[in-house]
Amino acid sequence: MTVGDFGAALPRPRRDLLPIFAPLIVAAIAAPFIGSASSFVTLTAAGLAMGMMIFTMASGLTLAFGMMDVLNFGHGAFISLGAYVAALAFAPLTSWAQADSWPLNLALLALTLAAAVVVCGLFGLVFERLVIVPVYGQHLKQILATIGGSIVAEQLLYALFGPDVIALAPPASFRGAFLIGDAAIEKYRVVATLVGLVVFVGLTLALNRTKIGLLIRAGVQDREMVEALGYRVDRLFVGVFMAGAALAGVGGVLWALYRQQVHASMGGELLVLCFVVIIIGGLGSVGGCFIGAILVALIDNYAGFLAPKLALVANIGLMVGVLLWRPRGLYPVGGR
Amino acid sequence: MTARLALDGVHTHIGRYHILQGVDFDAPAGATTMLLGRNGAGKTTCLRTIMGLWRPSRGTIALGDSAISGLRASAIARAGVAYVPETMAVFADLTVRENLTLAARDGPLDEARLQWIFGFFPTLRRFWLSRAGSLSGGQKQMVSIARAIVEPRRLLLIDEPTKGLAPAIVGGLIDCLKEIKRVGATLVVVEQNFRVAREVGDWVRVMDNGRIVHAGPMAEFADDAALQARLLGLSLDSRQ
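Protein sequences, first through last, are from chains A and B.
In this text, residue positions in the first sequence follow numbering that gives the first Met the number 0: the first is 0, and each later residue adds one.
In this text, residue positions in the second sequence follow numbering that gives the first Met the number 0: the first is 0, and each later residue adds one.
If you're looking for bench data, these hints aren't it; they were derived computationally from the structure.
Hints are not guaranteed to be accurate.
[What the hints assert, rightly or not] Chain B is nowhere near these chain A residues, computed Cβ spacing over 12 Å in every case:
| # | residue |
| --- | --- |
| 1 | 142 |
| 2 | 175 |
| 3 | 224 |
[As the list claims (entries may be wrong)] Using C-beta positions, here's what the derived DEER-type ranges look like:
| # | chain 1 | residue 1 | chain 2 | residue 2 | range |
| --- | --- | --- | --- | --- | --- |
| 4 | B | 106 | A | 320 | 26 to 36 Å |
| 5 | B | 8 | A | 323 | 49 to 59 Å |
| 6 | B | 210 | A | 234 | 54 to 64 Å |
[As the list claims (entries may be wrong)] Where chain B lies over chain A, by a calculated footprint (3+ residues, C-beta under 8 Å):
| # | stretch |
| --- | --- |
| 7 | 207 to 216 |
| 8 | 226 to 240 |
Glycine included, C-beta positions come from ideal geometry on N, C-alpha and C.
Using the sequences and the accompanying hints, generate a full structural model.
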């Protein structure tokens, strides 16, 4: 019997599947009100794409919050920076963007995402050292310091790139829509959904199949004990913070191409949504963040179609509803 | 493999509170030293200070020939010290296997070592793939101790291992502590249950008000009821 076989014959612990069905329940409730099947498919596809983008942005925030207990109101700066990286990466490669070639366009997107990971990860390192380190364990000061940090970052972006909104068209192959019957699904939304899924699968595998992932999951629950087992939690913190910033940057790239524009305050505008998602999901839970992001995006799209005025408060209503059902979020982590 | 632990004039402040006020004691290599005392005497703070979870404000702590005072907890752990906290501190959302995998710093889990651990705690085999948070208090304590011994360590710091456990489980724990010592480790154990302390302890150090007020062989202390009453108080719950 190998080490991994112990208890293999035993049933695995029962998984809490109910939250996974929540998006399906929401879709099933919305479907009859929407009426037209093609509108429903289009709205659902749009919701999934938006959900994947928000998940990508918020996953780093929930990990950093869960593990480091840091309220980072500067997370939006990483999103904005990612968007500017997209603008910078696209500028010299206009010919790639304009070529109606899936391989070239995908290569451009991959290059841009890689650049955002590097730039935002490094910016995250600087931000953690300068802004976060002095306020570890002090929530009120964290709020003030990170809001201050985000203002400085935003103004720096304005100073570097000017106050104007920068237009950013997606690559040629990503424009237009796939037609399925009467339903139109924008190609770029499919691309964004796939990128978000890759991020989710990658994160899930990293967290569940690697020792670093185990350490992160353990650190979210009890940092002190991880340190007492012989691991440098501070280094782990830096790594997680950099990864969170990098993920926010990836989200910023995807969002900029989705909205086809870049401006320094876009990250700040998305921050509230990110916080709603990680609170709904359970602080520190990547799986909860994934479900939460899909829920938020679906409801945003359905409400926007059915009752545009309600869309403004629909997500707050969703958060209240989820917290009444599960006060610590869909998938609470440890004692949080 | 085992090492003597020595504390010399150790002071620890937590916030504005002066908890350890010059602790001097040694734990001989390869023996089990019981750290006893009334509630609030500073026993847990003493273990946490040795482990590096609180920084001593003064004094030195040495493990064998190496000074470990002032080091980070991770460095102290890598020097061969394992800690079983009073709260057990199992990672509730991780399985039993994942809890032990994390504790095995030097590589994958060693199967022979695991079989040795399962000898004391057969329950762990049954719940190998279960979330640690779903286990009972006694089972969590088994995970916590198993985590500390999943690889050989020079010194084990164990805080109230039998607290709140059923008598049937306590027997297994006593056997486990004796066996850990036999295979080569120094143990410092905080324990409120005097019967357990008497059974596993070779040496005893009694704390009061942040200082060591008595040191000697456990057997002598166990035979001196007057000394026990004076140092530990009549309220000691388990003279049991």
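Coverage claim, chain B over the stretch 207 to 216 of chain A, checked by counting residues with Cβ within 8 Å (three needed): Three-residue rule met by the stretch 207 to 216 of chain A, so holds; n is 4.
With respect to the beta-carbon atoms only, verify the hint that residue 210 of chain B and residue 234 of chain A lie 54 to 64 Å apart. Taking Cβ atoms as reference, residue 210 of chain B and residue 234 of chain A lie about 37 Å apart, which means the hint is violated.
At the C-beta level, are residue 106 of chain B and residue 320 of chain A separated by a distance inside 26 to 36 Å? 47 Å, violated
Take a look at whether the Cβ-Cβ distance between residue 8 of chain B and residue 323 of chain A falls inside 49 to 59 Å. This hint holds: roughly 56 Å between Cβ atoms.
Looking at residue 175 of chain A again, its CB stays over 12 Å from all of chain B? For residue 175 of chain A, whose nearest Cβ neighbour in chain B is about 44 Å away, the distance exceeds 12 Å, so it holds.
Given coverage of the stretch 226 to 240 of chain A by chain B, checked by CB-CB distance under 8 Å (3 or more): Contact hint for the stretch 226 to 240 of chain A vs chain B: holds, 7 residues under 8 Å.
Test the statement that residue 224 of chain A is away from the interface with chain B: the closest C-beta pair must be farther apart than 12 Å. Incorrect as stated: the minimum Cβ-Cβ distance to chain B is 4 Å, not above 12 Å.
Does residue 142 of chain A really sit off the interface, with its C-beta more than 12 Å from all C-beta atoms of chain B? At about 23 Å from chain B, residue 142 of chain A clears the 12 Å cut-off, so the statement holds.
Comparing the model with each earlier hint shows violations of hints 3, 4 and 6; every other hint is respected.
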